[in-house]
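Undergrad: Protein chains in written order, with our numbering: chain A, 97 to 190; chain B, 62 to 452; chain C, 94 to 384.
It should be emphasised that the hints constitute simulated quantities derived from the structure, not laboratory data.
In this text, all values refer to a predicted model and were calculated from it rather than measured experimentally.
Some hints here could point you the wrong way.
[Said to hold, decoys possible] Once the Cα atoms are required to be at most 20 Å apart in a straight line, the calculated PhoX-like pairs of lysine-lysine come out as:
#, chain 1, residue 1, chain 2, residue 2
1, C, Lys330, C, Lys379
2, A, Lys181, A, Lys150
3, A, Lys129, A, Lys185
4, C, Lys336, A, Lys136
5, C, Lys363, C, Lys348
6, C, Lys378, C, Lys341
7, B, Lys264, C, Lys123
8, B, Lys292, B, Lys367
9, B, Lys367, B, Lys395
10, C, Lys348, B, Lys264
11, A, Lys136, A, Lys155
12, A, Lys116, C, Lys95
13, B, Lys263, C, Lys169
14, C, Lys341, C, Lys280
15, C, Lys123, C, Lys95
16, C, Lys336, C, Lys379
17, C, Lys95, A, Lys150
18, B, Lys264, C, Lys330
19, A, Lys116, A, Lys131
20, B, Lys442, B, Lys400
21, B, Lys263, C, Lys95
22, C, Lys169, B, Lys109
23, C, Lys330, C, Lys378
24, C, Lys123, B, Lys263
25, C, Lys250, C, Lys378
26, C, Lys240, C, Lys358
27, C, Lys348, C, Lys361
28, C, Lys348, C, Lys336
29, B, Lys217, B, Lys292
30, A, Lys155, A, Lys131
31, B, Lys300, B, Lys217
32, C, Lys169, B, Lys80
33, B, Lys217, A, Lys100
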Amino acid sequence: MKLKIYLGASCPPLQSLEYKTGDWGTMHAFVDKEKCTGCKICEQYCPDLCIEVKEFEDKKHAVVDYNYCKGCGVCASVCPQGAIKMELKELFKV
Amino acid sequence: MKKVVRGFYAVAHSVKLCKPHVICAYPITPQTEIVENLAEMYANGELKNCEYITAESEFGAASILVGASAAGARVFSATCSQGLILMSEVLFNAAGMRLPIVIVNTNRALSAPLSIWNDHQDSMVLRDAGIMQLFVENNQEAHDAVPQAYKIAEDKRVLLPFMVCMDGFKLTHAYEPVDLLEEEVVDAFLPPYQPQIYLTTKKPVAMGCYALPAYYMEFRVAMQQAMERAKSVMEKIYKEWAEVSGRDWGGHIVVEYPDAKIFVVAMGSLVGLLRKVVNDLRKEGIDVGLIKIRTFRPFPVENLRKALSNAEKIVVFDRSVSFGYEGPLSIELKSALYKYSSADFYSYIVGLGGRDMPKDFLAGIIRDVANGKEKPGVAFKGYKEFEEVIP
Amino acid sequence: MKFFGSGHGACPGCGLTIAVKNTLEALNGKCFVANPTGCLEIISSQYGRNAWGVPYIHSLFENVAAVAAGIDAALKAMGRRDEGKIVVFAGDGATADIGIGTLSGAMDRNHNIIYICLDNEAYQNTGHQQSGLTPPGEATTTTPVGKIFPGKIGKKKDMVAFALAHGCPYVATSSVAFPADIRRKVKKAASIEGFAYIQIHSSCVTGWGIDGNQSIEVARLAVETGLYPIVEYENGKLVSVRKIKDRKPVIEYLKVQRRFRHLLKHPKGKEIIERLQQIADENAKKYGLDG
Numbered sequence: 097m098k099l100k101i102y103l104g105a106s107c108p109p110l111q112s113l114e115y116k117t118g119d120w121g122t123m124h125a126f127v128d129k130e131k132c133t134g135c136k137i138c139e140q141y142c143p144d145l146c147i148e149v150k151e152f153e154d155k156k157h158a159v160v161d162y163n164y165c166k167g168c169g170v171c172a173s174v175c176p177q178g179a180i181k182m183e184l185k186e187l188f189k190v
Numbered sequence: 062m063k064k065v066v067r068g069f070y071a072v073a074h075s076v077k078l079c080k081p082h083v084i085c086a087y088p089i090t091p092q093t094e095i096v097e098n099l100a101e102m103y104a105n106g107e108l109k110n111c112e113y114i115t116a117e118s119e120f121g122a123a124s125i126l127v128g129a130s131a132a133g134a135r136v137f138s139a140t141c142s143q144g145l146i147l148m149s150e151v152l153f154n155a156a157g158m159r160l161p162i163v164i165v166n167t168n169r170a171l172s173a174p175l176s177i178w179n180d181h182q183d184s185m186v187l188r189d190a191g192i193m194q195l196f197v198e199n200n201q202e203a204h205d206a207v208p209q210a211y212k213i214a215e216d217k218r219v220l221l222p223f224m225v226c227m228d229g230f231k232l233t234h235a236y237e238p239v240d241l242l243e244e245e246v247v248d249a250f251l252p253p254y255q256p257q258i259y260l261t262t263k264k265p266v267a268m269g270c271y272a273l274p275a276y277y278m279e280f281r282v283a284m285q286q287a288m289e290r291a292k293s294v295m296e297k298i299y300k301e302w303a304e305v306s307g308r309d310w311g312g313h314i315v316v317e318y319p320d321a322k323i324f325v326v327a328m329g330s331l332v333g334l335l336r337k338v339v340n341d342l343r344k345e346g347i348d349v350g351l352i353k354i355r356t357f358r359p360f361p362v363e364n365l366r367k368a369l370s371n372a373e374k375i376v377v378f379d380r381s382v383s384f385g386y387e388g389p390l391s392i393e394l395k396s397a398l399y400k401y402s403s404a405d406f407y408s409y410i411v412g413l414g415g416r417d418m419p420k421d422f423l424a425g426i427i428r429d430v431a432n433g434k435e436k437p438g439v440a441f442k443g444y445k446e447f448e449e450v451i452p
Numbered sequence: 094m095k096f097f098g099s100g101h102g103a104c105p106g107c108g109l110t111i112a113v114k115n116t117l118e119a120l121n122g123k124c125f126v127a128n129p130t131g132c133l134e135i136i137s138s139q140y141g142r143n144a145w146g147v148p149y150i151h152s153l154f155e156n157v158a159a160v161a162a163g164i165d166a167a168l169k170a171m172g173r174r175d176e177g178k179i180v181v182f183a184g185d186g187a188t189a190d191i192g193i194g195t196l197s198g199a200m201d202r203n204h205n206i207i208y209i210c211l212d213n214e215a216y217q218n219t220g221h222q223q224s225g226l227t228p229p230g231e232a233t234t235t236t237p238v239g240k241i242f243p244g245k246i247g248k249k250k251d252m253v254a255f256a257l258a259h260g261c262p263y264v265a266t267s268s269v270a271f272p273a274d275i276r277r278k279v280k281k282a283a284s285i286e287g288f289a290y291i292q293i294h295s296s297c298v299t300g301w302g303i304d305g306n307q308s309i310e311v312a313r314l315a316v317e318t319g320l321y322p323i324v325e326y327e328n329g330k331l332v333s334v335r336k337i338k339d340r341k342p343v344i345e346y347l348k349v350q351r352r353f354r355h356l357l358k359h360p361k362g363k364e365i366i367e368r369l370q371q372i373a374d375e376n377a378k379k380y381g382l383d384g
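When you get a sec, could you build the whole thing from the sequences and use the hints?
TA: Have a look at this one:
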């Protein structure tokens with residue numbers, strides 16, 4: 097099949113979502129659901145737009161999308177509750 | 062309606078009828094009065110749904126056109142010389158982004174030394190940009206070229222910038238009778254611009270993305286293919302123009318005396334003078350014909366091969382130099398005729414920086430070629446013998 | 094609907110995307126983005142990997158203000174201004190150095206543009222060379238630390254003054270350390286007719302020599318030391334200033350970054366640190382930061 101290219105190197109929106117950056121680095125962010133108050137501060141800061149406060153039956157709390165989390169630690173550094181910990185991915189635990 | 066107007070006005074009037082949404086202006090001699098004339102029309106409310114922007118430089122002007130064209134607008138600017146090469150980074154970019162920007166270049170020499178006078182060196186800098194170039198002979202042809210430029214550039218088979226090249230001073234400042242177009246004629250010929258892709262919040266796209274080696278080359282090949290398609294689109298639109306306006310400027314090239322043994326090849330306003338020269342020389346019994354190259358990009362290789370296959374001697378008058386080689390028009394022509402012609406080439410570089418090219422001077426050169434007094438090769442003509450010294 | 098997508102190629106902890114995301118959300122995605130060549134362009138607009146959910150254009154390095162001006166003119170001429178605001182995201186080099194000519198033109202004509210300078214204080218995309226917005230004492234690859242020179246000798250250009258001198262109706266600074274401040278200022282800028290210049294201090298983990306998780310803390314220190322005053326002007330009048338409680342000495346900010354750490358050892362380092370402290374003190378006085 098012939099390669100399709102968009103006129104003048106234009107692109108449709110949000111193609112980057114296909115690129116899972118969750119495998120970058122060695123760390124991931126983990127949210128302590130008990131401590132998290134769902135204040136959304138982490139949402140405002142996450143450079144990879146991959147932490148989101150979601151409503152659950154019992155409470156709302158932040159959820160990390162590990163497809164994209166690069167493990168930078170920004171969310172953990174700004175969390176007023178200390179509810180986010182940076183930990184090695186399973187793969188790197190010896 | 063026929064009126065005696067200057068070259069500037071012939072262009073400005075035609076631009077107005079093409080109804081551009083955005084016009085950018087930055088002054089440079091000998092272009093300035095084109096944008097001044099448009100400014101006057103703007104000030105008088107004659108340009109509807111149009112924004113006239115005074116840019117901070119030609120670089121800015123071209124960049125404004127890129128933004129406006131990407132947003133789906135029909136755009137116009139005019140420039141030349143230093144202004145054109147200041148625009149050049151943007152124009153290469155616009156071609157790659159496939160934006161159908163139309164500009165008029167009032168051909169002028171490049172510095173140094175600074176010269177405001179006419180030659181074709183500025184156009185040649187943009188030769189490899191992916192921009193179509195049409196050289197006109199007189200102000201009526203310049204007037205007629207603008208609507209055609211938009212129609213060709215905006216054709217979805219093409220989508221590349223278009224530059225109408227008219228000789229600075231020789232045409233821009235000349236008063237000539239010009240049959241000024243009526244709005245209805247242009248309206249019927251040139252439909253409103255329907256961009257294939259454009260910036261809108263209704264359907265977001267990203268334009269001007271960078272390409273990794275795995276993709277870059279395809280986009281450049283696509284530009285070449287668009288240029289190749291432009292050849293037939295242009296021929297079709299040139300013909301269509303002849304029908305609607307009643308003025309037939311010919312195709313990519315115009316051949317006079319097709320069976321001649323000697324051919325003179327040139328572009329721009331010089332062609333007008335050469336026509337007279339050629340006719341006079343024919344009366345002397347010299348079998349000379351004339352080729353006017355209108356479309357310089359895409360280069361009309363096939364047409365030139367056909368027209369020159371039986372020529373014995375080819376005389377090229379270049380108005381610019383590729384330093385370290387020879388005149389660009391001559392280079393292109395030789396390349397086009399490789400294996401298609403056994404003619405001797407007489408490549409002359411003339412009229413740089415507005416140097417006069419009187420009729421007798423041109424006739425003398427061609428006569429010498431015909432009589433065998435000139436050897437085939439490359440030469441500058443019309444300069445004084447000199448010695449370079451230190452002040 | 095996302096306005097900027099995950100999966101972009103920014104370094105972990107990059108400040109740029111924090112500013113971008115908060116700007117786009119403040120405008121609810123009703124905008125056109127123009128972006129010159131630079132870090133943000135490279136991480137977001139690779140062919141086939143476009144991260145933008147809003148209309149986006151990249152043309153060249155030095156022409157973004159003119160490109161945005163062209164979009165403004167086009168929307169006006171075609172009666173499409175209700176589609177959204179025009180937002181520029183440009184780096185400090187594109188803004189204060191190579192693109193300053195087109196920026197001046199666009200400011201002068203007072204186009205309806207929100208121009209955001211993402212100031213990470215050097216050409217970070219090409220590997221950390223000095224720009225007009227690199228502060229004194231910073232070691233970059235073109236102002237390296239040597240036996241004689243302690244990094245950059247010159248000063249940081251005052252682009253706020255540049256914007257004010259052009260009569261821009263809205264001029265402000267902000268920092269990625271304060272997303273709520275960014276959102277408020279972008280909304281304010283959107284409500285104003287004419288050119289808005291917002292300079293946002295954006296942390297760069299690789300250029301500054303910090304870890305990703307220090308990105309916000311270090312950006313906050315720049316504000317808390319008085320080196321990066323957060324201010325806001327409307328029609329040339331100072332209308333708001335972010336006050337600092339217990340302003341910290343600049344050394345607190347300098348010592349945590351690789352780009353400044355040499356100042357602690359270099360023979361001329363003391364002199365530079367004193368100069369930077371003097372800049373912070375003057376900022377505090379000029380804007381009344383303390384309090």
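Undergrad: Evaluate each hint against the coordinates.
TA: Results of checking the hints against the structure:
This hinted pair checks out: Lys330 (chain C) and Lys379 (chain C) have alpha carbons roughly 13 Å apart, not beyond 20 Å. Pair hint Lys181 (chain A) plus Lys150 (chain A) holds up; C-alpha atoms about 18 Å apart against a cutoff of 20 Å. At most 20 Å may separate the alpha-carbon atoms for a hinted pair to count; Lys129 (chain A) and Lys185 (chain A) meet this at roughly 19 Å. For the hint pairing Lys336 (chain C) with Lys136 (chain A), the CA-to-CA distance comes to about 24 Å; that exceeds 20 Å, so the pair is violated.
Distance restraint check for Lys363 (chain C) and Lys348 (chain C): the Cα-Cα separation of roughly 13 Å lies within the 20 Å cut-off, and the hinted pair is therefore satisfied. This hinted pair checks out: Lys378 (chain C) and Lys341 (chain C) have alpha carbons roughly 15 Å apart, not beyond 20 Å. Between Lys264 (chain B) and Lys123 (chain C), the direct Cα distance comes to roughly 12 Å. Compliance with the 20 Å bound is thereby established for this hinted pair. Annotation: proposed proximity of Lys292 (chain B) to Lys367 (chain B) holds, straight-line Cα distance about 15 Å (limit 20 Å).
Proximity of Lys367 (chain B) to Lys395 (chain B) is assessed by CA-CA distance (about 14 Å); at most 20 Å being required, the pair is judged to hold. At most 20 Å may separate the alpha-carbon atoms for a hinted pair to count; Lys348 (chain C) and Lys264 (chain B) exceed this at roughly 47 Å. The hinted pair formed by Lys136 (chain A) and Lys155 (chain A) meets the criterion: a straight-line CA distance of about 14 Å does not exceed 20 Å. Between the alpha carbons of Lys116 (chain A) and Lys95 (chain C) the distance comes to roughly 16 Å, so the proposed pair stays at or under 20 Å and holds.
For the proposed pair Lys263 (chain B) and Lys169 (chain C), the alpha carbon gap of about 17 Å is at most 20 Å, so the pair holds. Of the pairs offered as hints, the one joining Lys341 (chain C) and Lys280 (chain C) is violated, with about 30 Å between alpha carbons and a cut-off of 20 Å exceeded. Of the pairs offered as hints, the one joining Lys123 (chain C) and Lys95 (chain C) holds, with about 12 Å between alpha carbons and a cut-off of 20 Å not exceeded. Taking the CA atoms of Lys336 (chain C) and Lys379 (chain C), the gap is near 12 Å; set against the 20 Å cutoff, the hint holds.
Between Lys95 (chain C) and Lys150 (chain A) the alpha-carbon distance is near 16 Å, which keeps this suggested pair within the 20 Å criterion. As the CA atoms of Lys264 (chain B) and Lys330 (chain C) are separated by approximately 39 Å, the hinted pair breaks the 20 Å bound. At most 20 Å may separate the alpha-carbon atoms for a hinted pair to count; Lys116 (chain A) and Lys131 (chain A) exceed this at roughly 28 Å. Pair hint Lys442 (chain B) plus Lys400 (chain B) does not hold up; C-alpha atoms about 28 Å apart against a cutoff of 20 Å.
For the given pair, Lys263 (chain B) sits about 14 Å from Lys95 (chain C) by alpha-carbon distance, which is consistent with the 20 Å threshold. Of the supplied pair hints, the one linking Lys169 (chain C) and Lys109 (chain B) holds, its CA atoms being roughly 12 Å apart against a limit of 20 Å. With a C-alpha separation of about 17 Å, the suggested pairing of Lys330 (chain C) with Lys378 (chain C) holds against the 20 Å cut-off. A hinted pair counts as satisfied when its Cα atoms are at most 20 Å apart, and Lys123 (chain C) with Lys263 (chain B) qualifies at roughly 10 Å.
Restraint check for Lys250 (chain C) and Lys378 (chain C): the C-alpha separation of about 19 Å stays at or below 20 Å, so the hint holds. The straight-line distance between the Cα atoms of Lys240 (chain C) and Lys358 (chain C) is roughly 11 Å, inside the 20 Å bound, and the hint therefore holds. As the CA atoms of Lys348 (chain C) and Lys361 (chain C) are separated by approximately 16 Å, the hinted pair is consistent with the 20 Å bound. For the suggested pair Lys348 (chain C) and Lys336 (chain C), the alpha carbons sit about 23 Å apart, so the restraint of at most 20 Å is broken.
Proximity of Lys217 (chain B) to Lys292 (chain B) is assessed by CA-CA distance (about 14 Å); at most 20 Å being required, the pair is judged to hold. Only pairs whose Cα atoms come within 20 Å are accepted, and Lys155 (chain A) paired with Lys131 (chain A) is accepted, the gap being roughly 11 Å. As the CA atoms of Lys300 (chain B) and Lys217 (chain B) are separated by approximately 18 Å, the hinted pair is consistent with the 20 Å bound. A threshold of 20 Å between alpha carbons decides the hint, and for Lys169 (chain C) with Lys80 (chain B) the separation of about 15 Å falls inside it, so the pair holds.
Distance check on the hinted pair: Lys217 (chain B) and Lys100 (chain A) sit about 17 Å apart at the alpha-carbon level, within 20 Å; holds.
Hints 4, 10, 14, 18, 19, 20 and 28 from the earlier list are contradicted by this structure; the remaining hints agree with it.
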